[in-house]
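Asker: Chain by chain, the residues run as shown.
Number of protein chains: 2
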Amino acid sequence: MRKVILGCGITLDGYIARPDGSTDFLVMPKGAAKVAEDFYASIDTIIFGRKTYDAMQRMMAQGEHEGPVGPWKTYVFSRALPSGERDGMTFVKESPAAFMRQIRRKPGKHICHMGGGELARSFLQADLVDELWMHIVPILLGDGIQIFPAGFPQRDFKLRECKTYGNDLSLVYARAREKNTGRKTKKAR
Amino acid sequence: MRKVILGCGITLDGYIARPDGSTDFLVMPKGAAKVAEDFYASIDTIIFGRKTYDAMQRMMAQGEHEGPVGPWKTYVFSRALPSGERDGMTFVKESPAAFMRQIRRKPGKHICHMGGGELARSFLQADLVDELWMHIVPILLGDGIQIFPAGFPQRDFKLRECKTYGNDLSLVYARAREKNTGRKTKKAR
Numbered sequence: 001m002r003k004v005i006l007g008c009g010i011t012l013d014g015y016i017a018r019p020d021g022s023t024d025f026l027v028m029p030k031g032a033a034k035v036a037e038d039f040y041a042s043i044d045t046i047i048f049g050r051k052t053y054d055a056m057q058r059m060m061a062q063g064e065h066e067g068p069v070g071p072w073k074t075y076v077f078s079r080a081l082p083s084g085e086r087d088g089m090t091f092v093k094e095s096p097a098a099f100m101r102q103i104r105r106k107p108g109k110h111i112c113h114m115g116g117g118e119l120a121r122s123f124l125q126a127d128l129v130d131e132l133w134m135h136i137v138p139i140l141l142g143d144g145i146q147i148f149p150a151g152f153p154q155r156d157f158k159l160r161e162c163k164t165y166g167n168d169l170s171l172v173y174a175r176a177r178e179k180n181t182g183r184k185t186k187k188a189r
Numbered sequence: 190m191r192k193v194i195l196g197c198g199i200t201l202d203g204y205i206a207r208p209d210g211s212t213d214f215l216v217m218p219k220g221a222a223k224v225a226e227d228f229y230a231s232i233d234t235i236i237f238g239r240k241t242y243d244a245m246q247r248m249m250a251q252g253e254h255e256g257p258v259g260p261w262k263t264y265v266f267s268r269a270l271p272s273g274e275r276d277g278m279t280f281v282k283e284s285p286a287a288f289m290r291q292i293r294r295k296p297g298k299h300i301c302h303m304g305g306g307e308l309a310r311s312f313l314q315a316d317l318v319d320e321l322w323m324h325i326v327p328i329l330l331g332d333g334i335q336i337f338p339a340g341f342p343q344r345d346f347k348l349r350e351c352k353t354y355g356n357d358l359s360l361v362y363a364r365a366r367e368k369n370t371g372r373k374t375k376k377a378r
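Sequence lines, in order, name chains A and B. No gaps in the numbering here: position 74 of the first sequence is 74 in my numbering, and each next residue is one more. To convert a position in the second sequence, counted from 1, into my numbering, add 189.
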């Protein structure tokens, strides 16, 4: 089965970007290039939300990002932008759940949800995230754009991998959907 | 020099408690008892904020917490409660910076700031945190009380220790106060 992997680079206080959207604090650590290479070889689809798309467009305009180049299919979720294919990307208006039902029926490699933020919340609400690939840099930003904005039910995971690269940390978690994980799931009142 | 260690048990999405203050998801993992023991042997002072104090009082009333028993001196920061000693604790109205200047002049072991939340923000604003001891459980809560509420300047750290206990992760970070950490510190606009 094709897995949905939420891939993110975050600070110790859980931010994917500064309040202005910049991500200068995310630097690929020595030795992590191979991990990134293996990761990109395991996926054929990348998904992100409209705000990540906007940030990418700004960075492309400033020559800081080369856009979604690669052998993967790229989808952008946006309720506001017209749906359909353009600029090498497919714009999607559907709900994450409806979209994922369709895409999982087709054969293919894993699907990477890049970034986090509001689209991550939608994916977690619908319990669509199968794995978390988190790269954690050793800073507290004090403010920024959150990887996991509040507003979804408890989701339990299992730690599958933990590696350090100097002061950076690379973690892989797999969703634990079986009932008996040993941790209580408490319903919100 | 006596260090201030922020000790916390958090979820993957950075919560120290559910929205109602409960922390049932924090269970001491097998093998971590020795770490906790060594930690408590290295400190002689525990500091927490009024909300942690309130939560502890509630848990004590329900027989779920035995209170701040131990050979350490306990301080509760509160602007609202009367200052002074009572019930084995010392209530403090001073700013964290003024308080820490005094306490660091006295000889002693390290000082543990337990919990996080609003008092952690005050400590980070004044750059009083020397180490982070973070125990991370593999769940996304989706909502709760944040360990690092927004509102302090960027603080850089170095990863000093990383251990796994089953699906839990135990991390120690030390504050990197020297200028040249290789990561940009961007001023807020």
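Calculated directly from the structure, the hints in this document are not laboratory data. The reader is advised that the hints may include incorrect statements.
Simulated crosslink set (DSSO-like; lysine-lysine; CA at most 27 Å straight-line) [claimed, not checked]:
1. K352(B) / K30(A)
2. K163(A) / K109(A)
3. K163(A) / K352(B)
4. K298(B) / K163(A)
5. K347(B) / K34(A)
Predicted model, so just to flag it, every value in this text is computed and none were measured.
Asker: Going back to the hint list, which numbers does this structure go against?
Answerer: 4
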